[in-house]
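Letter by letter, the chains look like this.
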Amino acid sequence: MPDPVTKIMVIDDEEIMRDGCTRILSKNGWSVVTAENGEAGLAELKKSPKEIDIVLLDLMMPGIGGMEVLEKIQALNDIPLIIVITGYATVASAVEAMKKGAYDFIAKPFTPDQLRIVVRRAHERRELQKEAEFLRSERERSLRDVATEKSRVNTIINCMGDGILVCDRDSCIALANPAASRMLKIPESTLLGNHASHGNLPPELAKTIEESLKSEGIVYTSVSQEMIIGESQETFLRAHTAPVRNDLGGIMGSVTVLQDISYLKELDKMKSEFIAMVAHELRAPIATVEQQLTVILGGLAGKLDEKQEQLMTRARERTRGVLTLIKDLLDLSKIEAGKMVQYKEPLNLADVIHHVVEMMKPDAQQKNIQIDFLPPAAIPTVQADRNSMEGIFTNLISNAIKYTLAGGRVAIRLDDDDGFVKISVADTGIGIQSEDIPRIFDKFYRVKSSETRQIVGTGLGLSIVKSIVDAHMGTISVESTEGKGTTFSILLPKAAGLAGCEENP
Amino acid sequence: MAKKILVIDDDPDLVEATSMILKSKHYDVVAAYGGIEGLEKAKAEKPDLIVLDVMMPDKDGYTVCKELKADPVLCEIPVLLLTAVVSFISTTRYTHQMGMETEADDYMDKPVDPAELVKRIEVLLSRQ
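Top line first, the protein sequences correspond to chains A and B. For the first sequence, the numbering used here begins at 297 and goes up steadily by one. For the second sequence, the numbering used here begins at -13 and goes up steadily by one.
Pulled out of the complex, with its shape left as it was, chain A reads as follows (with noise of 0.2 Å):
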């Protein structure tokens, strides 16, 4: 704020005017300076510059006059307000002091109600020139904030480790960090001001950037997606990219956030090949000690009696968990490895569905288990791996099948259901409690009560289930009353819907 004192100079050789001024201004409140000359006067005013806000200065003096004074005080860098005491009245130097940059004269001799009225109004003029000024600054100060925080911002975003793409409504780049650029592998220069589908972006980012664009209205919060860069496809990309909004919900623009997911992808296949190694290596000496298990149970290697048939059964069927355990490991490594649902083909799912419930027949039987298969007249197929679709079914009909009491019912429907069809498996089985339900696709997760302790599984089914029915674009639920039974159902986009989409199983 300005300083609330104002601070007058009287310049003037005469005591008696430098005085009576003193006296009458001090009055007012103000604060009275005096000089005897020009020169000590100027003095003053270098030593403490921006103090003095009225100079009160006689013309004719002694020495440098007050016109030269008026001048040298112009070149200040704070200049104040100078109000000049002419001694003879004369227009004409009062014309030639205001020119010179005074503000107001004053002519002797004069009254102190004269000399306060022009000091005041002075004065007032002061007041706001400071006012004026201390505004002024503060608004520089505050653009020169702006400026520093916009630079602090930029040096952030560019020293992040994350890429960032920041697009317009247009869907031109309006940013890219350097990170961004390297992870792309494409110069900033290329990136800055292109269109998103124009640039050297990979044309599945281009997209999901362009519909992020257009989900006006739409609650569309952030797409993920994973992409593969470089010649060798040797960078894996992460991509979340969400649309900015205004304060109206308008759409300004969108900004994608890299992320360089390589080495979690590089860790992700050394442990499925370990996996699969593993199980190979695990699988071949139990495969060989089933095998001898076998002769000796079937009598090749000499009779048996009760009790060594009854110890042997129990060990072959240890070794047949063991196996049935590496086989699911060596399936799910092969899933996570993406050598999966390599063949896709247009099917018909009933063909398939009937294929399985036929093999499942002899163990439903066993159970007193009805299976009920009713297909419609006609099914649209789906773009899907045969075997991998006969792998889904076994599964979850076994399953039905094991969770079942005997006297039960497993009963698979198929339906067309818009884009998708859509396979439902229900059993009238023990069914799954609701605390466990989240858990039942995790790999190794099994429910664990007095009744599934006699179940012989792996954990890994329902979890093989999942990644096929994901590989295949679709989607699976599960709905369960405890004891009453459980139904699972598959959506599988139909294979008209999937045009376009195969490239990128």
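Simulated from the structure, these hints should not be mistaken for laboratory data.
Think about it this way: if two alpha-carbon atoms lie no more than 25 Å apart in a straight line, the pair counts; the simulated BS3-like pairs of lysine-lysine are: (1) Lys426/A x Lys346/A; (2) Lys599/A x Lys105/B; (3) Lys599/A x Lys11/B; (4) Lys9/B x Lys599/A; (5) Lys303/A x Lys346/A; (6) Lys657/A x Lys105/B; (7) Lys55/B x Lys32/B; (8) Lys762/A x Lys718/A; (9) Lys623/A x Lys739/A.
Values in this document were obtained by computation on a predicted structure and should not be read as measured data.
Following the hints, position chain B against chain A.
Just chain B now, with coordinates in the frame of chain A:
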């Protein structure tokens, strides 16, 4: 006269178990413990049928099978392929892969059910 079957597998325990199954059905069994030895024995013994393991360190079953089928003398011998490297979620994948990758006459997953093995062998031999 008893039919002669050559069993080729790098796992001696498995060769023994398979041999016991076959001998119980009065087949004459010759054993080989690797792909290269298997090919030599096939030439020397002229078996009526070959039971061939897929995963072998020196020469795998697919290669052995290919070489057998390329040999004008041995190509008539039926080959039953055995493997412990199971396939996939359902065994039918093997039908595809075998048809494409090998010229074996039949295949089975290890471990085998003795009755099933004998049945398949009888079918293959009856074709001759």
